[in-house]
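Chemist: Residue numbers (the working numbering), protein chains in the order written: chain A, 1 to 94; chain B, 1001 to 1366.
The reader is advised that the hints may include incorrect statements.
Among chain A residues calculated to face chain B with C-beta under 8 angstroms, some are [said to hold, decoys possible]:
hint: 1; residue: L10
hint: 2; residue: A13
hint: 3; residue: R32
hint: 4; residue: D51
hint: 5; residue: Q53
hint: 6; residue: R55
hint: 7; residue: R57
hint: 8; residue: V60
hint: 9; residue: F63
hint: 10; residue: E67
hint: 11; residue: R70
hint: 12; residue: P89
Part of the chain B face toward chain A, derived, beta carbon under 10 angstroms [claimed, not checked]:
hint: 13; residue: S1061
hint: 14; residue: E1090
hint: 15; residue: V1279
No wet-lab data here; the hints were simulated from the structure.
Every value quoted in this text rests on a predicted model; they were computed, and no experiment measured them.
C-beta atoms are modelled at their ideal positions from N, C-alpha and C, and glycine is treated no differently.
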Amino acid sequence: MSVTVHLPGLLRADAGGAAHLPVDADPSAVLRDVLDGLVSEHPGLDRRIRDEQGRLRRYVNVFVDAEECRALNGLDTPVPEGTDVRILPSVAGG
Amino acid sequence: MTYLLVIGTRKGLFTATGEDRRTWEVRGPHRLDSADHASMSAVYAVGIDPHSGRILAGAESSHFGPSVWYSDDAGEHWREPGTAPLAFPEDTGASLTRVWQFAFGDVPGVVHAGVEPHALFRSADGGQSFELVRALWDHPHRADWFPGAGGGAVHTILPGVLGCGERSPEAMTVAMSTGGVYQTGDGGASWAPANRGISAVFLPEDEPEYGQCVHKVALAPDGSMYAQNHHGVYRSEHPARDGWQAVEKGLPTNFGFAMVAHPHRPGTALNFPVVSQEVHLPPEHRLGVYRTDDGGGRWLPATEGLPEEPYFGIVLRDAACTDGADSPGFYFGTRSGDVYAADDGGPWHRVAAHLPDVLCVRATEV
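Isolated chain A, as found in the complex (with noise of 0.2 angstroms):
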């Protein structure tokens, strides 16, 4: 199956300057294995958005369709087939 991850313009110039990109990924994938797919193509975004140790920077917010993904089961959420998945820095820092 094929998600699209939707990354912020800061971030592009990390992913080839693009701003959508597909991510296969198997029908019963979670949130981190989408992010490790999209890292595997792209390994400059994993430590903007991932400490070292694989966890979610505090100030990144990713949402799953509309949810941010802390409001749901975090790196653990479902992502199905055809979902949205957008990364956006939050409103705090700057």
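Please build the complex by placing chain B on the supplied structure of chain A, with the hints as guidance.
Modeler: Chain B alone, transformed into the frame defined by chain A:
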């Protein structure tokens, strides 16, 4: 002679160049990355490699985390290593919060980084990749080290030295908040505290073996050291052998963050007093620098050229330095975004004003 001053601020990296330490061309904030998420980062650590001239910057994006950037052309262009240069191994469960310090020794290419959480890393390739110094991370005291207001970090690294008369490539002195001073004489395989004589006003023991909140240790050219503690100003000729002696006569307070030793005269150092642990403001609301020329026997104001009006910005622990030149210059920046430079013993001249709050400065001849 041209001098290069690298200024890390809470919102980006600036540089200043000048021929006479009086007039400066200030540039910045430098673009570390094309998307500018790092360009507006807090820069808590900068280092200028004396062997290669490479500038290292520890930049910390509030959104996208910390990283290390480097420039091999005096700040014109910046690059980031392809993979995260500083990362805790998986088994530690820790993740890098920020880089607090870069230090260079006698061996070209070797760089040490002090980081938060309390840890020391070593690079053998000029700062493009680092490895955790395990013995310090695994130290049995670690469980008792805790963060001060600024965070828990190794912020001082003095390669190759344990004290007067004891230098070797296998030696190193580090300091951390909290935790205090630790030393190794075997290339980092083992570490011992060296805090005798340093107080810890926030602990029940007056002088515990470790746990002090040492804010900065400055190395004098003879191997002796000056320390600014969380209340307490000290000097030691050899911390492990002799302990530390209070050297506060003439200072308006014994609290502060920064300390700079003269690169050629062991008895000379600069100190930047702060009111107290509760009041992080300059004493009497005046920007003040104090200087000793007798090893801390007495400190005198060295304020010529500084503002006379009320001033409220203090000097943070790495926001003061020397360029180490034969006839050295001294530099400091404040949380009010002002940066000053002076010839040795001379008046201060303003390098820049109204920058974001200054977190660190480093200078060199180029």
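Chemist: Look at each hint and say if it fits the structure.
Modeler: So, going through the hints one by one against the coordinates:
1. L10: Because about 4 angstroms separates L10/A from the closest Cβ in chain B, which is inside the 8 angstroms limit, the hint holds.
2. A13: This hint holds: A13/A lies near chain B, its Cβ roughly 5 angstroms from the closest one there, short of 8 angstroms.
3. R32: violated (15 angstroms)
4. D51: holds (4 angstroms)
5. Q53: With Cβ-Cβ at 5 angstroms, under 8 angstroms, it holds.
6. R55: holds (7 angstroms)
7. R57: Since the shortest Cβ distance to chain B is 5 angstroms, the answer is holds.
8. V60: At about 6 angstroms, which falls below the 8 angstroms cut-off, the nearest Cβ of chain B leaves the hint on V60/A intact, so it holds.
9. F63: With a minimum Cβ separation of about 15 angstroms from chain B (threshold 8 angstroms), the hint on F63/A is violated.
10. E67: Violated, because the Cβ-Cβ distance from E67/A to chain B comes to roughly 20 angstroms (cut-off 8 angstroms).
11. R70: violated (15 angstroms)
12. P89: Holds. Min distance 4 angstroms.
13. S1061: holds (8 angstroms)
14. E1090: With a minimum Cβ separation of about 7 angstroms from chain A (threshold 10 angstroms), the hint on E1090/B holds.
15. V1279: violated (28 angstroms)
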